[in-house]
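Both chains are given apart, each in its own frame, so use the hints to dock them into the complex.
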Amino acid sequence: MITNFLNLEWKQYFRSANWQKSVFLNIFLVLFGLYFAVCFLLIGIGGYFILKEQFPEQDPLVLANSFLLYAILGDLIFRYLMQKLPVMNIKPLLTLSIKKSKIVHFILIKSSFSFFNIMGLFFYIPFAVVLMVEGYEVSGVLGWLFTMIFLIQSANFLNFLINKNTIAFGTLIAILLGGYLVQYFEFFDLPGFIGTGFDFVYQNPTTVVVFAGFLAILYIVNYKQLRNEVYLDALISEKTKEVTASDLSFTEKLGDLAPFIKNDLRLMWRNKRTKSGIWMLALGLGYGLIFYTNPMYAEIDVLMVLVGIFSTGTFLINFGQFIPAWDSSYYKMLMSQNFKYERYLKSKFTIMSISVVLLFLLGIPYVYFGWEILAVHFAAMIYNIGVNTHVILYGGTFNRKKINLDEKAAFNFQGTGAVQWLIGFPLMFLPMGIFGLINWLVSFEIATITIAVLGFIGVALHKKLMASITKKYIKNKYVMIHAFNQEN
Amino acid sequence: MIQTTQLSKKYGKAEVLHIASLEIPTGQSFGLVGNNGAGKTTYFNILLDLIRPTTGAIVNHDIQVNESEEWKSFTGSFIDESFLIGYLTPEEYFEFIGDLRGMNKADVKNFLSQFDEFFNGEIIGKKKYLRDLSKGNQKKAGIVAAMMGNPQVVILDEPFANLDPTTQIRLKTIIKELTENRKVTVLISSHDLTHVTEVCERIVVLDNGNVVKDIVTSAETLKELESYFAV
Numbered sequence: 003m004i005t006n007f008l009n010l011e012w013k014q015y016f017r018s019a020n021w022q023k024s025v026f027l028n029i030f031l032v033l034f035g036l037y038f039a040v041c042f043l044l045i046g047i048g049g050y051f052i053l054k055e056q057f058p059e060q061d062p063l064v065l066a067n068s069f070l071l072y073a074i075l076g077d078l079i080f081r082y083l084m085q086k087l088p089v090m091n092i093k094p095l096l097t098l099s100i101k102k103s104k105i106v107h108f109i110l111i112k113s114s115f116s117f118f119n120i121m122g123l124f125f126y127i128p129f130a131v132v133l134m135v136e137g138y139e140v141s142g143v144l145g146w147l148f149t150m151i152f153l154i155q156s157a158n159f160l161n162f163l164i165n166k167n168t169i170a171f172g173t174l175i176a177i178l179l180g181g182y183l184v185q186y187f188e189f190f191d192l193p194g195f196i197g198t199g200f201d202f203v204y205q206n207p208t209t210v211v212v213f214a215g216f217l218a219i220l221y222i223v224n225y226k227q228l229r230n231e232v233y234l235d236a237l238i239s240e241k242t243k244e245v246t247a248s249d250l251s252f253t254e255k256l257g258d259l260a261p262f263i264k265n266d267l268r269l270m271w272r273n274k275r276t277k278s279g280i281w282m283l284a285l286g287l288g289y290g291l292i293f294y295t296n297p298m299y300a301e302i303d304v305l306m307v308l309v310g311i312f313s314t315g316t317f318l319i320n321f322g323q324f325i326p327a328w329d330s331s332y333y334k335m336l337m338s339q340n341f342k343y344e345r346y347l348k349s350k351f352t353i354m355s356i357s358v359v360l361l362f363l364l365g366i367p368y369v370y371f372g373w374e375i376l377a378v379h380f381a382a383m384i385y386n387i388g389v390n391t392h393v394i395l396y397g398g399t400f401n402r403k404k405i406n407l408d409e410k411a412a413f414n415f416q417g418t419g420a421v422q423w424l425i426g427f428p429l430m431f432l433p434m435g436i437f438g439l440i441n442w443l444v445s446f447e448i449a450t451i452t453i454a455v456l457g458f459i460g461v462a463l464h465k466k467l468m469a470s471i472t473k474k475y476i477k478n479k480y481v482m483i484h485a486f487n488q489e490n
Numbered sequence: 098m099i100q101t102t103q104l105s106k107k108y109g110k111a112e113v114l115h116i117a118s119l120e121i122p123t124g125q126s127f128g129l130v131g132n133n134g135a136g137k138t139t140y141f142n143i144l145l146d147l148i149r150p151t152t153g154a155i156v157n158h159d160i161q162v163n164e165s166e167e168w169k170s171f172t173g174s175f176i177d178e179s180f181l182i183g184y185l186t187p188e189e190y191f192e193f194i195g196d197l198r199g200m201n202k203a204d205v206k207n208f209l210s211q212f213d214e215f216f217n218g219e220i221i222g223k224k225k226y227l228r229d230l231s232k233g234n235q236k237k238a239g240i241v242a243a244m245m246g247n248p249q250v251v252i253l254d255e256p257f258a259n260l261d262p263t264t265q266i267r268l269k270t271i272i273k274e275l276t277e278n279r280k281v282t283v284l285i286s287s288h289d290l291t292h293v294t295e296v297c298e299r300i301v302v303l304d305n306g307n308v309v310k311d312i313v314t315s316a317e318t319l320k321e322l323e324s325y326f327a328v
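Those protein sequence lines, which keep their order, are chains G and L.
In my numbering, each residue's number is its place in the first sequence (first place is 1) plus 2.
In my numbering, each residue's number is its place in the second sequence (first place is 1) plus 97.
Isolated chain L, as found in the complex (with noise of 0.2 Å):
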């Protein structure tokens, strides 16, 4: 469950963000939608505390994040390509995050396994630098690693943008399946209105920085998402 209670960030005189409640239980799949500058980056930042909010707090399995780094154990997270690592190879970056989340060698290999399908051949074994991948193949390598050592949180920031399209359909069904036995609570922020309401059961659209509507995604909820943003 992630508490949030009479949140805002401001920069002087401007509100970048204003969210008086919001709770997300466990298990639950939540998308986050909005225009650029709506503030869902600014959320996820302060969710993981890179950012200090200006008034409230989130709590993240009973742990408030700007009091205490347990949430750090249990959560992962890939927010853009400043999450890599770019002097190490893939295979380096999984063995640096498995190190730090209690995994052996052996952990990562297995866990990396599953994901064969995902990496499409374009990450292990390629003796590339991280900084020499495109940025799509960064992108998987990143969403990847957020996933490791059993996180209870994933968060992923526009984890869609600059894939091709047979890795979007691969990881709408991995995020899917990480939701499956409602164990692992999945946030993710998108512009693509139909993957996010395909993956997420739950939208929250941010605009300026205020929550203006929290759907229970349905079948019309693509239309109704469409519909606000046609203006």
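Next up, chain G with everything else stripped away, as it sits in the complex (with noise of 0.2 Å):
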């Protein structure tokens, strides 16, 4: 039974259109397991070390211990963004003869394996090793260690449990920030308090046996629940939520574009691949952070360019990248409608040049850094309208993949392709590029002036370069709708 279970499981991994298509793609994620496996790694071995040199005064262990609540709520709150209980795919299975219970065992044993338990071992298991090594007692090592993996195992396990459940989420969030917060203020010292419980755990090897006993609990009661979930109309069943539309009428001012403007609002709002990438305008606007308030980067001019087309036009390169993908699923419909393309592509223009506008003006507070900043901003906006928009349009002529809206946005690749890698370089290298030597070659202010001027000549040519892109959309019709047919 197990092996037949298993074997599907391989199959379903393998014979995913998905992987036979995007090798590259699959090296990339597998390439970037391995980066987290090795980071971690290094962590576990050189951290007892890196503790002693920091803290000579201190025991390693206890002070990692102290560390240790951050690292297992850190653990839940990743969890609960990330990580889902695979049941859909067990629907085929229900009505084999196959008992319910061994379906639900199985479920529940193969989300212990999960990219998210393996990972932490990397880290706990060198720094035990180095532990003993270094002539700690070996058995409240081991004790500690098993502790360790016993309480990942019940993360995994409550995290199923508390799964959508904004209470327990809130709850997380509040003990992390409540925990910093009095130790910060030396009120109460939440973590050390808890690092004590786990140094008790070592001076007494034995009470690993409570860990294990929390785990099997949690295990049971996974079980019990998703036992009488196991129905077409509780567990796998997919919930419907009760729409609640927001009123667009603003967008009328917009003229014929308001239709498309609409849909694209809408989409954005309603589907999970979109909603989360919302996250990253969040991201992109801070990005500036990073090297402003670093001294280091302060010298260097052509980070500004970099701040100011990325923090302007995060939501330009993250939607417009996967234009016309995002309709994908209903293009045969939209082909076959009565509108000019150039309106299409008008209103996916309009909609990223608002956004690079208002990115701008979110993010003037930066002037604190300083004005040259904000001028170099300003220059990377019209830089972004004139000359970034149509780049990205034209890339989407190239664009061959299916979205599938549905799905979450964080490493989601799906509908990526080279196109998105290499569209980066003309949007972000070649302005840094020409003001790097301009800056080198004249002076900052003729390299800024330049950057503008540049965006200025594309809006400019607006309408020939909608022209002519539109042209190349209208030339790819047929190979996109076929394309966007493919399921992944």
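These aren't lab readings, by the way, just hints derived from the structure by calculation.
Be careful, since some hints might not be right.
Partial pick of chain G residues on the chain L-facing surface, computed with a CB cut under 10 Å [stated by the list, open to error]:
id : residue
1  : Gln155
2  : Thr246
3  : Lys255
4  : Asp258
5  : Tyr333
6  : Leu336
7  : Met337
8  : Lys348
9  : Lys479
10 : His484
Partner residues aside, some chain G positions facing chain L, computed with beta carbon under 7 Å [claimed, not checked]:
id : residue
11 : Phe108
12 : Tyr332
13 : Met335
Computed from a predicted structure; not experimentally measured.
Cβ coordinates follow ideal geometry from the N, Cα and C atoms, glycine included.
Rendered as structure tokens:
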């Protein structure tokens, strides 16, 4: 039975069209995973010595223990956002002659071996080995290590219980922040207090049984809950939420672009993939803080262009790179409707331009770090509107991959092809290069003005550029219809 | 009038459609019948300029569909669920299509009111996205959207599939009313011989991409078709 299940899993993974089509993407993901594994491994091995060197008078294990509260809470929060119990694909198994209990056990045990649970081991195991080598008591360290493993597994199962429960999520955040604040203001050392609990485990390794018991209880609760819900009208059903339509009549001012712009706004607000992408905006807007707060980068003017293009253009890049794939699932319908293609593209252009201006306005507080920054951001805004919008619309004609709007954005590379990687070069590095060169040869002011002038030239040529881009889209129409028709 | 001349579509060496000549006069209710893979949807896709013919062309009311896009202003169609925008409510979808077809909000509302019976209270005002509707209800929305903006040509691929019996009967009435005054041409494909003989005055049978029968519907048509397909 188990081998049957495993066999299915294996085939599901390797036969998914996604795997077969984008080998590069998979290689990239594997490298990404390996990168994290190696990072954890290095911290695990080196952690002991770093702590020893930085805080010679303290016991590294005690010190590490006092951080564990953050690690556990962080782990839970991360899981809450990213990890989901994979239940949908058991639907075909329900009517076969397999005991439901078996299916449930399989799902649960399978979840034990997920990416989230394995990664932590890359840190804890080498750290424990180093401890033993350094002369810590073997039984104590083993007790500690197994406690950690049980805690990771407990987090795994706890997450499924609290999943989608915002109160639980809020509590986690509150404990994390509260713990940090009371510690910071030296009111009460909550993390340290929790840490002493782990010190106790090291001294009395038998207490590991408590954590094993805790894990067992969580497993049983999960099992009971899941066993009651393997029905089509319970867990495996797709929940339909009631629609709350917002009033978008303000878009009417945009004339004949309004229907498309309304659609795009709804598209962004109502689909998982785009909704989680909205968080990217906050990240992009705050991107400058990494550089401007760091005196090390203050001397490098070119970085202002990078930040300027990126912070005013995050939406442009995130949204623009998947034009027209956003509309891929109903592209056929659009193509048989009565409108001019130019109007469709113009609506995308308008949305992107508005976003650029808005993001620039939101980024005005950067002036705190110097007026030059604001000047460069302004030039970058013009450049984004005049040049980058057209570049990204042009890049869209190469899009051949369908996007499923119902999937999350983080780590979702659906719809991503070589174009998305290549388009980044002209978008960011070209203005950086031009700016850098003129800044070096002439002056900062001229360099900034050049970037802005390039943008204005783009704006002036807007009609012509759009006409030729439209031509390209129309030329590629059949290829795109065909490509968007393919399920991934 | 929809004229098809020397039309063929090949994928590699396999020819999936070959129609030497086919004329559909204005106002006709035209039925396309055939087994899976006969070329019905391919024909509709070429007619809607969603795929290119290998040779030949279709001319829809004097406009060659792969040369000019003018046919879009008078042609309404529903092929499958991919014609719906899943994240819109039916009302928003109708409004969107209406917008593209030059109807304002009041026009759309007015237009939809004729279909209250057809919708059976399951489409409008349900506060659900199209993606969350059942297949049958999705189809109802798509079919009605295809009729928006007074099209002269309405193309429906398998309109009866997935519909409940009551709705099937109502749809037949709607299609009959549409062609009553001989202004609107309706093209339908179907696997259901009973329905298609009931609604269409002319039926063309496709087999492996070729026209094998071209019948003016009469009392014997159903029998004739049944015996043809009973092999």
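The hints, checked one at a time:
no.: 1; hint: Gln155; verdict: violated (36 Å)
no.: 2; hint: Thr246; verdict: holds (8 Å)
no.: 3; hint: Lys255; verdict: violated (15 Å)
no.: 4; hint: Asp258; verdict: holds (8 Å)
no.: 5; hint: Tyr333; verdict: holds (8 Å)
no.: 6; hint: Leu336; verdict: holds (9 Å)
no.: 7; hint: Met337; verdict: holds (6 Å)
no.: 8; hint: Lys348; verdict: violated (14 Å)
no.: 9; hint: Lys479; verdict: holds (8 Å)
no.: 10; hint: His484; verdict: holds (7 Å)
no.: 11; hint: Phe108; verdict: violated (30 Å)
no.: 12; hint: Tyr332; verdict: holds (5 Å)
no.: 13; hint: Met335; verdict: holds (4 Å)
The structure does not agree with the numbered hints 1, 3, 8, 11 stated previously, though it agrees with the rest.
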